[in-house]
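Number of protein chains: 2
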Amino acid sequence: MKPFFLCLCTLLFSASLLQAQQEDSAMIRKIANEILVNGKAYSMLSTLTKTVGGRLSGSPQMVKAEKWGQQALEASGADRVYLQECMVPHWVRGGREEARLIGTGGKADEKLDILALGNSVGTGPAGITAPVILINSFEELEKRKQEVKGKIVFYNYRFNPRFIQTFRAYGDAVRYREFGASLAAKYGALAMMTSSMTESVDNNPHTGALDYMDSFPKIPAAALGLWDANKLAASLSGGHEIKMYLKTLAATLPDTTGHNVIGELTGSEFPDQYITVGGHLDSWDPAEGASDDGTGCVHSIEVLRALKAIGYKPKHTIRVVLFANEENGLRGGTKYGEQAKANHEKHLFGLESDAGGFTPRGFSISLPPEKLERIRQNWIPLLKEYGVYEFMQGGGGADVSPLNELLGTPVSELMPDSQRYFDLHHSRADVLENVNKRELELGAINMAALIYLVDKYGF
Amino acid sequence: MKPFFLCLCTLLFSASLLQAQQEDSAMIRKIANEILVNGKAYSMLSTLTKTVGGRLSGSPQMVKAEKWGQQALEASGADRVYLQECMVPHWVRGGREEARLIGTGGKADEKLDILALGNSVGTGPAGITAPVILINSFEELEKRKQEVKGKIVFYNYRFNPRFIQTFRAYGDAVRYREFGASLAAKYGALAMMTSSMTESVDNNPHTGALDYMDSFPKIPAAALGLWDANKLAASLSGGHEIKMYLKTLAATLPDTTGHNVIGELTGSEFPDQYITVGGHLDSWDPAEGASDDGTGCVHSIEVLRALKAIGYKPKHTIRVVLFANEENGLRGGTKYGEQAKANHEKHLFGLESDAGGFTPRGFSISLPPEKLERIRQNWIPLLKEYGVYEFMQGGGGADVSPLNELLGTPVSELMPDSQRYFDLHHSRADVLENVNKRELELGAINMAALIYLVDKYGF
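Quick mapping for you: the protein sequence lines, in order, are chains A and B.
FYI, in the working numbering the residues of the first sequence are 1 to 459.
FYI, in the working numbering the residues of the second sequence are 460 to 918.
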C-alpha cells in the first residue's frame, strides 16, 4: 500500500475510534443521569431493609425477600422474572444468647455482648460455665494445647491495621472465626469465643459462618464486640482464673427450599447468550443486611432498570440474579453455575456486587494480562469521572465464581472503597442508615457502564 | 560523549532514580504504619468534638478550642507552639428559632425545622408573620419581582444531582444562601428562607454564612431541611396563600479577639523556610464541627505527630496552623498570609484540609501544567496504594489562599471523596459518629506523604 493510503487508513481508524469513544461517553453519561436523577436503588434498599429486614436462609424473611425481589424486578421492566429453586441450609439462632464473667469475692457478674456464629451448635438452654483461656493465635494454641481441655478458648487475633484494603485484614483474621472452634475442640475445649472480625470503634459483635471440621467435636462458638474483647483480654492477661457462663441456643434444622430470583432483559441479537449481574439476597439476622448484601441486590436491579429506562437494547440477554444463601452455604451461586452448565448456556460475563454500597474505586476481574491491559486503556478513561480508576486482576465474588469454574466465564466484582465495610458486616450496624444514597448510585452507574461496554465490545 | 558513556550515565541515573523511589516508598510506608497503628487523629477528634463541640468565632467554645489545639500540638511533639492574634466577627444565634405555617380553617399551625443563616439579622423576639412566596431561581425572582413586597421569599433551588463532585453542586446552589436575602430585600421582601445546601435524605437544616449587600436592607434569613422544603413547596405550588410565622434571634456583636493556633517542627537545613499545613478551628454551632473542620485540624496535627514519631527531620520548618474564623470571615487565614508577607517569610507550600475526613482520592494544587504533570508522574505511583490517584489543577482551600495571593506560594487541598460531605456540612449531623477512623487516617497519611515529598524535592 502507498504511504498516502496508509495515512488515510490510520486517519479513518482514529476518527472512528474517537467517534466510538464519544458515543460510549455519551451513553454512560445518559446512564449516570438516569441513575442520579430518577434512581430507585436507594428506595428499593429502603423497602428491602425496613419491610423485610434480616433474611437468613430458611427464615420466613427469606420468603418475603424473594417476593420483594420478584416485584422489584418486575417494576424495573424486566422482560421475564422467575425463580430458580435450590435447597438451602436452615440454621437458627434459637433465641437470646448470654455470656457473663462470673464475679468472685462478692463482685457481680459482668455481662458480655455476644452473637453466636452461624452454623454453630448451641450450649443447650442450661448453658455452660467454664474457665476462659486467652489464646492470641493458632501458634499459641499449639504451644498451650495441654491447657485447653475443659475450657472456653477465647481467640483475640485482630485485624492488622497496616493493610490498606480491609478485605486483606479480614482474609488474614477470619480463619479464627472459621476454624477456631474445631481447632480448640481438638484439644478438648468446651466452647470458643472470638473477638469480632472488625476494626470498628463500637462494641457490636459480628457474626458470620464457621466451618466445623468433621474430625473434631462440634462446640458452641460466639463472637465478642471489641470493647468487651479488650476488657476480657486485659482481665485474663493478669493470669487470674476467670470463669464464663455461656448460653447459645443455635441449631441446624433440615435443609429447606430457597430460590435464586432472576430477571432478564432479553438480548436483541444474541438472546441465548448471557451477561449475569447479581448480589445475594440472604443476609445475617442481627440487622437488615443493608450493605451485605442489600446494596448488591439493588445495584443489580438498578442496572437493569436504568438500561431499560434509557431505551438501551442489549445485544445479549442481561440476567439479574439475586442469589440465595451466600452467607452459610453458597447454594444459590452453585445452583446457578451448575444449571448454566447443564443447560449448555453461553455466558459472556458474570458481575457481582458484594463488597458494599460505598463509593466505587474499581473492579476486580478475571482476565488474562493482555486483555486486562486493553480494557484498562480503553475503559478507565470512560469510568474515571464516576470514580472507577482501576481494574485489578482477580476474581468475581463468591456467587459468580461457579460460572468461572464450571464454564470458564470471565467474572468480576465491584470494588467500592473498603474502609467502612467491616464496621457493619454481619453486625447490628448493617442498616440502611449506614448506606449513603449517592455512593450507592455511583456503584450502580459504574456497574451499568461496565455491562454496557461488555455487551457492546466483549473482552 | 561516546555511546558507552552515555549508556553508563543513563544506567546510573536510572539506578539512582529507582533507589530514590524505593526510599520514598519505604518512608511513606513508615508514615502509614505509624498513623494506622499508633494514630491519634481519631482520639484527638473525639476530644475536640465531645469536650469542646461547636466553636463559632467569638463563642466561649472558640477559647476552649484554642486551648485544646495548643495542648494537642504540644503533646504531638511540636518544637514550638504559639498563638497568632486576630480580630474575629462575633455573630450569635441568640436562642431557639421558630417557624410555623399558620393553619387556616381550623387546622393547627405546622412547625418547620429551621436554622438561621450565619451573619443574618434576627426578626426580634416577637417574630414576623407574612405570606410566603415560592421562588425557584433568581430568574424567577426577576420575573415576579412585583409580587415579593411584604412577603417571605422561599428559594427552593436544589443541588443538581448530575454533578459527580458534590462541591460543584454546592458551588452552583450556594449563591441562594449567600445572596438570596439581599436580592429578595431589593424588591421589598421581609425575610428569606432557603432549602438547605445539601442532598441529604434527612430533614436537618444546614446553616452557613450569608453575605448582605450594602445597598439593600438586611432581612432575617434561615434554612429549611429538605423534607420541610418539599412539603412547603408542594403546599405553595397549589397557588394557595400560606402565611408563615418566623422568629430568629440572631445578632452581630462587636468583633472580638481570636487566634490562629500554630505549632512548628523546626527545619534542619532551612529553618526560616516554611511549609504550612492546616485546617480551620472554628465551626458552626448546630453540632460538633467534626467534618467541618475538626478533621482538617487533626489531619494537620497528625502530620506533625507522625513525622516526629518516626524520627523524620524536615529540611524546612513545618508549620501546622489551626486557622481562626474560616466560616464567617476568613480572618485567620487572612491574618496568617498578611503576617507572612509583612515578615518577609519564605513559604514553599501551603496545604489545607477542609473537605472532610472521608476516604482520600486526590489533591487539588496550584501548579503550572508542566510541574503538575511531573508530580503526577513521580508521586501518584507512591500515593496510589493509600488512595490518592490524582492531582487536579486548582487551588488550596480558603485559609491558605492568601499565601498564594500575597506571596505566590503553591497551595493545595486534600480532596477526599465528596459524596457524604454535604449530608453533614453545617448541620446537626456533623458529629464524630459520622467520621470513619480509618478514612480519617488515610487522609493524614497522604497529607504527611505529600509534605515529606515537597520537603525533600520541592516542585
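Do not take every clue at face value.
Stated by the list, open to error - 30 Å max Cα-Cα, derived DSS-like pairs, lysine-lysine:
| hint | chain 1 | residue 1 | chain 2 | residue 2 |
| --- | --- | --- | --- | --- |
| 1 | A | K371 | A | K456 |
| 2 | B | K843 | A | K50 |
| 3 | B | K526 | A | K384 |
| 4 | A | K231 | B | K843 |
| 5 | A | K384 | A | K313 |
No lab work stands behind these hints, which were simulated from the structure alone.
Now the hints, each set against the structure:
Simply put, K371 of chain A and K456 of chain A have alpha-carbon atoms about 15 Å apart, close enough for the 30 Å limit, and the pair holds. With a C-alpha separation of about 38 Å, the suggested pairing of K843 of chain B with K50 of chain A is violated against the 30 Å cut-off. This hinted pair does not check out: K526 of chain B and K384 of chain A have alpha carbons roughly 43 Å apart, beyond 30 Å. For a cut-off of 30 Å, the pair hint linking K231 of chain A to K843 of chain B is broken: about 37 Å separates their Cα positions.
Proximity of K384 of chain A to K313 of chain A is assessed by CA-CA distance (about 24 Å); at most 30 Å being required, the pair is judged to hold.
Checked against the numbered hints above, the structure violates hints 2, 3, 4; every other hint is satisfied.
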